[in-house]
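Each chain is listed here by its residues.
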Amino acid sequence: MGRILVIDDSDDVRGFMRDALVKDGHQVVEASLLQEGREWLLRNTADAVVVDVELPDGDGISLIPFVAASRPVTRVVVVTGHTSYEYAVRSLHAGAYDFIPKPIVRDDLCSAVRRAVEARDLEARNIELVSELADRVRTVNEVLSITREIGGSRDLAGVLDNSLDRAREFFGVEAGAIFLAKSDVLEVALAQGGPDAASLAKRVLPRGRGIVGWVMDKKRPLIVNDAVRDPRFDELVDGVIGGFVHSVLACPLMAKSEAIGVLALVNRRNGKFTRETRQAAETLSFSIAAAVENARINDKLAASQASLVEYNCSLERRVFERTGELRAANDRLASANHRLEETRDQMVRAEKMASIGGIAAGVAHEINNPIGFINSNLQTLKGYITDLKPIVEELREQCPPNAALQERIQKVDLDFVLGDIETLVRESEDGVRRVVKIVKDLKTYSRSDNGPPEDADLLVCIESALSLSRNETKYVADIVTELKPMPSIVCHPVQVTQVLVNLIVNAAHAIEGHGTIWVRTRVEGSDVVVDVADSGTGIAPENLAKIFDPFFTTKDPGKGTGLGLSLSYEIVERHSGEIRVTSRVGEGSTFSVRLPIAGPAVVETSESAA
Amino acid sequence: MRHSLLIVDDEEFVRNALVRALRNEDYDIRTADSPKAAWVALAERPADIVISDFKMPRMTGLELLQRVREEFPDTIRIMLTGHADTETVIDAVNNSEIYRFLTKPWNDDELKLVLRLAAAHLDSMRENRRLMELVTRQAALLEGIESRHPGITKVVRSQDGAVVIDEADLADLIPDPSS
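Here the protein sequences come in this chain order: A and B. The numbering of the first sequence is the numbering used here, which starts it at 16 and goes up by one. The numbering of the second sequence is the numbering used here, which starts it at 667 and goes up by one.
Just so you know, not all the hints are guaranteed correct.
[Said to hold, decoys possible] Once the Cα atoms are required to be at most 30 Å apart in a straight line, the calculated DSSO-like pairs of lysine-lysine come out as:
1. B:778 with A:452
2. A:217 with A:197
3. A:426 with A:455
4. B:721 with A:452
5. B:778 with B:702
6. A:452 with A:397
7. A:271 with A:315
8. B:820 with A:455
9. A:452 with A:570
10. A:234 with A:197
11. A:197 with A:233
12. A:455 with B:778
13. A:217 with A:234
14. A:287 with A:455
15. A:234 with A:287
16. A:233 with A:287
17. B:702 with A:397
18. B:778 with A:397
19. A:455 with A:397
20. A:404 with B:778
21. A:315 with A:234
Hints are computed from structural coordinates only; laboratory data are not their basis.
Isolated chain A, as found in the complex:
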């Protein structure tokens, strides 16, 4: 049971005690003198000392402080022949564990020694426990501090790196790794200390294999010494923990009763893992698992936050895009509206034109009849006057009038009448011409007198228009033509010529003094464009919108009917073309006529043919 030092100067007594104690299972060392015992104790330990009070070299009680000082756990049992109370008190005061009177009763001795040994064991165990407790406290503190650090960190990689580092340092192990489960595989989250440790990170391993796999599956920590020889050992998986594996400590990382991974530490040489290490590692594992979970939640949070931010951004972008789309749609609507308004204006204008045309066609006959005979009569009247005038003159010469006739001649102012009558006829003729022109122009609005469009050379139309308008232009403007060769276009050449004449005459009328008229042509896509520009007075902005209205004119009475541009507009419109004007007051105007090479749209021709 224990190692007992027996000090007694009597060989018999010593022999008796030795026999009894050996018999009771103790190992017995004998000493006959106090000094002898002291010396032995300096070099050896005993679980208990049995000492006689009266020894030749001193008082056995004096050994008690010595033992207490040098071997605190060793119990001293005092044996004495003095049965006096005083001795008993003295020895107990001195720290003796027990007191056995002489003659020694065997059972008393054995029981006293046994208790002493037990006490000593208890003591030793206590001390051990205290030290272990201190160790534990240190471990717990360390683990706690690691845990705190782990818990304080938000970055999982940092957490793992730090915790493994600390764990290795704390446990004094050389290498280690943390494995994390990822769906149906095991990923090396981190490896430290082993060869190529850095390159092992993120390595994907099969699940369920090796010591690590076992720990994962069983959700139990495991220490395996001489791991390489263990049947569970798997080089591929467990090799990751660190080089030449000697002993392995592996702990599952538990989160909500699920093993989410494994913390594995390795001693590559001789070190063996203790239960304490295991417990600390277990505690640490919980922390790591919690941290991993936290980090994962954080990651998820961050991810969802990022996706929220992303969603937010994309929402903003979409709002922006939608705003843009809305704006574009709005613009389209506005432009559609604008086109609608334009179309409506055109329709109103067309309607106006058509009704004017209809009226014109209806009344043309009625107007043309009287105009016909007025015009004819004026010619005849002119002839009459031409005939009469010399006769009157001659009559006055040959038959001088009497006084009464002379008086009448003076009264009617015959000389004036004869002179004025021609002017009168001339002016009347001019008036008739104007009426004729208006009626003719108005009739152009009526769509009934169009033939089918034909192929025509626009340049020929331009030449015709220039020569037709020469009377109007020759004294007021230089004509500059920039005519490019172009394909023939499908049109009503007479009408197109009429448009060009109108524009050229207008240009001439816009010029005060002397100026320039430019006539330019160009091909734009499937259209031809003729520009008629002048260096004239320009069009006042408030008039720009009205210039194509029938009967709108700024010319002096008699100089324009107010139908030219409106007619031109109508004609170009009927050709599915476009007429535009740009003008600056004081600088001049440019009229652009755009005609499709292919001619009027089909609808238009069928309409006009009907």
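Got chain A; can you put chain B on it based on the hints?
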């Protein structure tokens, strides 16, 4: 020879103006205020030239001119109208074979010119017909001669183009001065 002219218009002033304008031209001018009156006048005495308005009550000038064409094919037909749309013109030319289409207001000089041309056309047409008749008559005569004297109408030419006269037939070739 004076050409006769019939002016048809429902409006008196137009008729008057036309008569005035043509006063110094050498025409035998009659007027009618309706197609019906025109028809009566033509029945009484045909005209060389008819000038008709288009738009008149009850019957258009076109219908009138069409009937004139059927009844008096030689008569020159001229349309004078203030209502000149394409359809009317096409109809007039295609269905009534009118000589000219004039529009109101007309130009006196143009009118005179057209009438002179029409008269000349008529004259040459008549001359043409007269000549045609002459030719036909002469052809018939030649035929008669040939039947009486076979081969007499044939002219034989020598290689150098000279007319070869057969002495024997010479007597037959001398025509009877009375024919």
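Evaluated hints:
1. B:778 with A:452: 23 Å, holds
2. A:217 with A:197: 11 Å, holds
3. A:426 with A:455: Violated, at about 43 Å.
4. B:721 with A:452: 21 Å, holds
5. B:778 with B:702: Cα-Cα ~26 Å, so holds.
6. A:452 with A:397: 21 Å, holds
7. A:271 with A:315: 18 Å, holds
8. B:820 with A:455: With a Cα-Cα distance of about 65 Å, the restraint between residue 820 of chain B and residue 455 of chain A is violated, given a limit of 30 Å.
9. A:452 with A:570: With Cα atoms ~16 Å apart, residue 452 of chain A and residue 570 of chain A stay inside 30 Å; holds.
10. A:234 with A:197: 16 Å, holds
11. A:197 with A:233: Holds - the C-alpha atoms of residue 233 of chain A and residue 197 of chain A are around 17 Å apart, at most 30 Å.
12. A:455 with B:778: 23 Å, holds
13. A:217 with A:234: 23 Å, holds
14. A:287 with A:455: It is violated: about 123 Å lies between the C-alpha atoms, which goes past 30 Å.
15. A:234 with A:287: 22 Å, holds
16. A:233 with A:287: 22 Å, holds
17. B:702 with A:397: Violated - the C-alpha atoms of residue 397 of chain A and residue 702 of chain B are around 34 Å apart, more than 30 Å.
18. B:778 with A:397: With Cα atoms ~16 Å apart, residue 778 of chain B and residue 397 of chain A stay inside 30 Å; holds.
19. A:455 with A:397: Holds. Residue 455 of chain A to residue 397 of chain A sits at ~25 Å (cutoff 30 Å).
20. A:404 with B:778: 24 Å, holds
21. A:315 with A:234: Holds. Residue 315 of chain A to residue 234 of chain A sits at ~25 Å (cutoff 30 Å).
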